[in-house]
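Build the full structure now, drawing on both the sequences and the hints.
Quick note on UniProt numbering: the sequence shown kicks off at 1 and runs consecutively.
Simulated from the structure, these hints should not be mistaken for lab results.
Glycine included, C-beta positions come from ideal geometry on N, C-alpha and C.
Just to be clear, a hint being listed does not mean it is correct.
Claimed, not checked - Heads up, simulated DSBU-like pairs for lysine-lysine below, C-alpha to C-alpha not over 30 Å straight-line: (1) LYS159 with LYS193; (2) LYS20 with LYS207; (3) LYS207 with LYS191; (4) LYS223 with LYS191; (5) LYS20 with LYS193; (6) LYS207 with LYS193; (7) LYS20 with LYS159; (8) LYS159 with LYS207.
As the list claims (entries may be wrong) - Just the calculated beta-carbon pair ranges, DEER-fashion: (9) GLU161 with GLU82: 26 to 34 Å; (10) GLU52 with GLY216: 44 to 52 Å; (11) GLU27 with LYS223: 27 to 35 Å; (12) ALA9 with ASP51: 15 to 23 Å; (13) GLU27 with ALA235: 43 to 51 Å; (14) PRO202 with PRO71: 18 to 26 Å; (15) PRO32 with PRO105: 17 to 25 Å; (16) GLU161 with GLN230: 30 to 38 Å; (17) PHE246 with ARG211: 50 to 58 Å; (18) ARG206 with PHE246: 51 to 59 Å.
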Amino acid sequence: MSTDTEIAAALNRYYQLFTKIGYIADEQMRWPPHDANTLNRDLCRKNGMTDEAIALLEMLPFTTSYAQFGPGSDLVDYSSPEDVECSRHPDNQNEDADEGNPLLPGWIFPIAMHSVCGGEGEAYMIYAREGTFLIGGAQGIEESRVVDPVSYINHLHDKVESFEILLVLRTLLRKPKSETTTGDRGFFYDKAKAAFSDYGWPDHFRKDDFRRDILGLWDHWDKELEARKQRERDAQTEDERIDEYFAILGQPRPANWARSDEEVDEVARRVDEM
1 MSTDTEIAAA LNRYYQLFTK IGYIADEQMR WPPHDANTLN RDLCRKNGMT DEAIALLEML
61 PFTTSYAQFG PGSDLVDYSS PEDVECSRHP DNQNEDADEG NPLLPGWIFP IAMHSVCGGE
121 GEAYMIYARE GTFLIGGAQG IEESRVVDPV SYINHLHDKV ESFEILLVLR TLLRKPKSET
181 TTGDRGFFYD KAKAAFSDYG WPDHFRKDDF RRDILGLWDH WDKELEARKQ RERDAQTEDE
241 RIDEYFAILG QPRPANWARS DEEVDEVARR VDEM
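As structure tokens, then:
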């Protein structure tokens, strides 16, 4: 169990890291204390939040950016009326969910949801009355696991700071792709991690340059990966044609058979002529 002050300090530190690594732009952050433009308290009350929950929310940062709190979770923007209303119904597929009948008790509120307003992933909910974190998916709060918020937030902070979790990569991987395999993710992870170093991380990180260039870098990496895959497909095709050639001759392919470009071309020509 953590106090409101401890929870607020941990979250502020975590969000400061988001801006430090260029994951969220400074102008997209909403830091406490909040005014009526960044936190509509009346709307929170209308949607069932208690005063104790709102008091804690007033101490917390949030962002207008479409960003993740952790793997599989989207940050809730409490300056957005749509997000405020949606946050009261973490499972929007439930036909009983409406503004007059919030699914969450008033002293529980999410700071991140599984794909805001329903979807896959995990929701991170603060139980203001007890100072705990409820973490769960679309199964509802009854199926959520309870953790200490400060310990958990600090755990995520350390993973992001060490680049064990690359949040910027998770966002980029949401871009439409014809193919994105586990192997592809490892390729992009290595490229993105190296890019941070290239841009001066940690002591001289050129954050603005990184944010400006990252999409262009991503497109370059994507083309590089596709070119590598094409070379692998071409090599496989060559091997298949060479094996076919020796099979037609009724001979095993020599284990030490040299593969100069000229020999490969000659074998391919002979296969085509057969």
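Here is what the structure says about each hint:
A C-alpha spacing of about 13 Å is found between LYS159 and LYS193, which places the hinted pair at or below 30 Å, so the restraint holds. For the suggested pair LYS20 and LYS207, the alpha carbons sit about 7 Å apart, so the restraint of at most 30 Å is met. Annotation: proposed proximity of LYS207 to LYS191 holds, straight-line Cα distance about 17 Å (limit 30 Å). Of the pairs offered as hints, the one joining LYS223 and LYS191 holds, with about 13 Å between alpha carbons and a cut-off of 30 Å not exceeded.
Taken as a hint, the LYS20 and LYS193 pair is honoured in the structure, with Cα atoms around 15 Å apart against an allowance of 30 Å. Of the pairs offered as hints, the one joining LYS207 and LYS193 holds, with about 14 Å between alpha carbons and a cut-off of 30 Å not exceeded. Among the hinted pairs, LYS20 with LYS159 is consistent with the structure: their alpha-carbon atoms are about 14 Å apart, no more than 30 Å. About 19 Å separates the Cα atoms of LYS159 and LYS207, which keeps this hinted pair within 30 Å; it holds.
At about 31 Å, the CB distance of GLU161 to GLU82 agrees with the hint of 26 to 34 Å. A hinted range of 44 to 52 Å for the beta carbons of GLU52 and GLY216 is consistent with their spacing of about 47 Å. For the pair GLU27 and LYS223, the supplied restraint of 27 to 35 Å holds, since their beta-carbon distance comes to about 31 Å. Between ALA9 and ASP51 the CB atoms are about 21 Å apart, so this pair conforms to the stated range of 15 to 23 Å.
As the Cβ distance of GLU27 to ALA235 is approximately 48 Å, the hint placing it in 43 to 51 Å holds. For the pair PRO202 and PRO71, the supplied restraint of 18 to 26 Å holds, since their beta-carbon distance comes to about 22 Å. Our hint of 17 to 25 Å for PRO32 and PRO105 holds, since their Cβ atoms are close to 23 Å apart. At roughly 37 Å, the beta carbons of GLU161 and GLN230 sit within the given window of 30 to 38 Å.
For the hinted restraint 50 to 58 Å between PHE246 and ARG211, the CB-CB distance of approximately 54 Å keeps it satisfied. Range check, ARG206 to PHE246: about 55 Å between beta-carbon atoms, so the 51 to 59 Å window is met.
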